[in-house]
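We have chain A already, so just place chain B on it with the hints.
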Amino acid sequence: AQSVAQPEDQVNVAEGNPLTVKCTYSVSGNPYLFWYVQYPNRGLQFLLKYITGDNLVKGSYGFEAEFNKSQTSFHLKKPSALVSDSALYFCAVRDLRNRDDKIIFGKGTRLHILP
Amino acid sequence: DSGVTQTPKHLITATGQRVTLRCSPRSGDLSVYWYQQSLDQGLQFLIQYYNGEERAKGNILERFSAQQFPDLHSELNLSSLELGDSALYFCASSVDRGTQYFGPGTRLLVL
Numbered sequence: 048a049q050s051v052a053q054p055e056d057q058v059n060v061a062e063g064n065p066l067t068v069k070c071t072y073s074v075s076g077n078p079y080l081f082w083y084v085q086y087p088n089r090g091l092q093f094l095l096k097y098i099t100g101d102n103l104v105k106g107s108y109g110f111e112a113e114f115n116k117s118q119t120s121f122h123l124k125k126p127s128a129l130v131s132d133s134a135l136y137f138c139a140v141r142d143l144r145n146r147d148d149k150i151i152f153g154k155g156t157r158l159h160i161l162p
Numbered sequence: 004d005s006g007v008t009q010t011p012k013h014l015i016t017a018t019g020q021r022v023t024l025r026c027s028p029r030s031g032d033l034s035v036y037w038y039q040q041s042l043d044q045g046l047q048f049l050i051q052y053y054n055g056e057e058r059a060k061g062n063i064l065e066r067f068s069a070q071q072f073p074d075l076h077s078e079l080n081l082s083s084l085e086l087g088d089s090a091l092y093f094c095a096s097s098v099d100r101g102t103q104y105f106g107p108g109t110r111l112l113v114l
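Residue numbers (my numbering), protein chains in the order written: chain A, 48 to 162; chain B, 4 to 114.
Extracted from the complex, chain A is given alone in its bound form:
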């Protein structure tokens, strides 16, 4: 069975500092990994995804994520945080070996960027 863990409920970062939101996953086969962001009273917005290839994936709004197979991690990063990055971030995984398209989401990490 596939699962994903976001170990931090909340992350606080000062504006202009680098940020990292952590995610680890568990799948039987190869993973298909995603990050989504949810702003207040909005739906989830796709940020980036990893299927195969380069371990560093670049996405929207200056975000990137690094796939680490040995540590089964897919941490979200940004070199310089903006106050507008404050939101709820979800990591998600799909097992490419599964026949269905079910994606499992983590519980989310609330990111606070302090001015």
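Keep in mind the hints are simulated off the structure, nothing from the lab. Small disclaimer: the values here were computed from a predicted structure and weren't measured. Hints should not be assumed to be uniformly reliable.
[Said to hold, decoys possible] Pairwise CB distance ranges (calculated):
no.	chain 1	residue 1	chain 2	residue 2	range
1	B	Pro73	A	Pro126	42 to 50 Å
2	B	Asp43	A	Lys105	29 to 37 Å
3	A	Leu129	B	Asp4	19 to 27 Å
4	B	Ser68	A	Thr119	33 to 41 Å
5	A	Thr119	B	Gly6	31 to 39 Å
6	A	Lys105	B	Gly101	17 to 25 Å
7	B	His13	A	Gln118	37 to 45 Å
8	B	Asn80	A	Asn64	41 to 49 Å
9	A	Tyr86	B	Gly101	18 to 26 Å
10	A	Lys124	B	Asp43	39 to 47 Å
11	A	Pro65	B	Pro73	32 to 40 Å
12	B	Ser41	A	Asn59	20 to 28 Å
13	B	Asn62	A	Arg146	15 to 23 Å
[What the hints assert, rightly or not] List time: in silico DSSO-like cross-link candidates among lysine-lysine, alpha-carbon distance up to 27 Å:
no.	chain 1	residue 1	chain 2	residue 2
14	B	Lys60	B	Lys12
15	A	Lys96	A	Lys69
16	A	Lys105	A	Lys149
17	B	Lys12	A	Lys154
18	B	Lys60	A	Lys149
19	A	Lys154	A	Lys69
20	A	Lys105	A	Lys116
21	B	Lys60	A	Lys154
22	A	Lys124	A	Lys105
23	A	Lys96	B	Lys60
24	B	Lys12	A	Lys149
25	A	Lys149	A	Lys69
26	A	Lys124	A	Lys69
27	A	Lys124	A	Lys96
28	A	Lys96	A	Lys149
C-beta: ideal position from N, C-alpha, C; glycine also.
Frame of chain A; chain B shown alone:
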């Protein structure tokens, strides 16, 4: 704007009632997914349809059902509503096995 639309945006109803949530996928997307987001359970996958057929099932209660119509829009039917069904219900769509794009959600409040 993801291109996925959901109606209504808000719904207030009473326990024991039945409601229907509607979703229109992005143009060209054949898959539709339904999710429930609540404070205590997080984001839970309910069900997926692909081109009118059920493809995957998650933690969907027997009181809930869904369908996808020939024009590819989908409806989620929630019946015998309970207080605990109050949540945000999201629809997402994708091309076959692709990235899922989410609608703005329907906020359901059961009183």
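* Between Leu129/A and Asp4/B, does the beta-carbon spacing fit 19 to 27 Å? -> Since the Cβ atoms of Leu129/A and Asp4/B sit about 21 Å apart, the hinted range of 19 to 27 Å holds.
* Between Pro65/A and Pro73/B, does the C-beta distance stay in 32 to 40 Å? -> 49 Å, violated
* Is it true that His13/B and Gln118/A lie within 37 to 45 Å of each other by Cβ? -> Holds: the Cβ-Cβ distance is about 42 Å, inside 37 to 45 Å.
* Could one say that the CB atoms of Asp43/B and Lys105/A fall in the range 29 to 37 Å? -> 34 Å, holds
* To do: For the pair we were handed, Lys60/B and Lys149/A, check the Cα-Cα distance against 27 Å.
  => Status holds; Cα separation ~8 Å.
* Within a Cα-Cα threshold of 27 Å, do Lys124/A and Lys105/A meet the stated pairing? -> At roughly 10 Å apart (the allowed maximum being 27 Å), Lys105/A and Lys124/A satisfy the hint.
* Asked: Regarding Lys105/A and Gly101/B, is the given constraint of 17 to 25 Å on their beta-carbon distance met?
  -> 19 Å, holds
* Asked: Is 33 to 41 Å right for how far apart the beta carbons of Ser68/B and Thr119/A are?
  -> Once the Cβ atoms are compared, 36 Å apart, the range 33 to 41 Å for Thr119/A and Ser68/B holds.
* Asked: Going straight from one Cα to the other, do Lys12/B and Lys149/A come out at no more than 27 Å?
  -> Cα-Cα ~25 Å, so holds.
* Asked: That 41 to 49 Å hint for Asn80/B and Asn64/A (C-beta), does it hold up?
  -> Cβ of Asn80/B to Cβ of Asn64/A: about 47 Å, so the range 41 to 49 Å holds.
* Asked: Taking 27 Å as the top limit, are the C-alpha atoms of Lys154/A and Lys69/A close enough?
  -> Satisfied, since the Cα-Cα distance of roughly 12 Å is no more than 27 Å.
* **27 Å limit on alpha-carbon distance, applied to hinted pair Lys60/B and Lys154/A** => The given pair, whose Cα atoms are some 20 Å apart, holds under the 27 Å limit.
In summary, the structure is inconsistent with hints 10 and 11 from the numbered list given earlier, while agreeing with the others.
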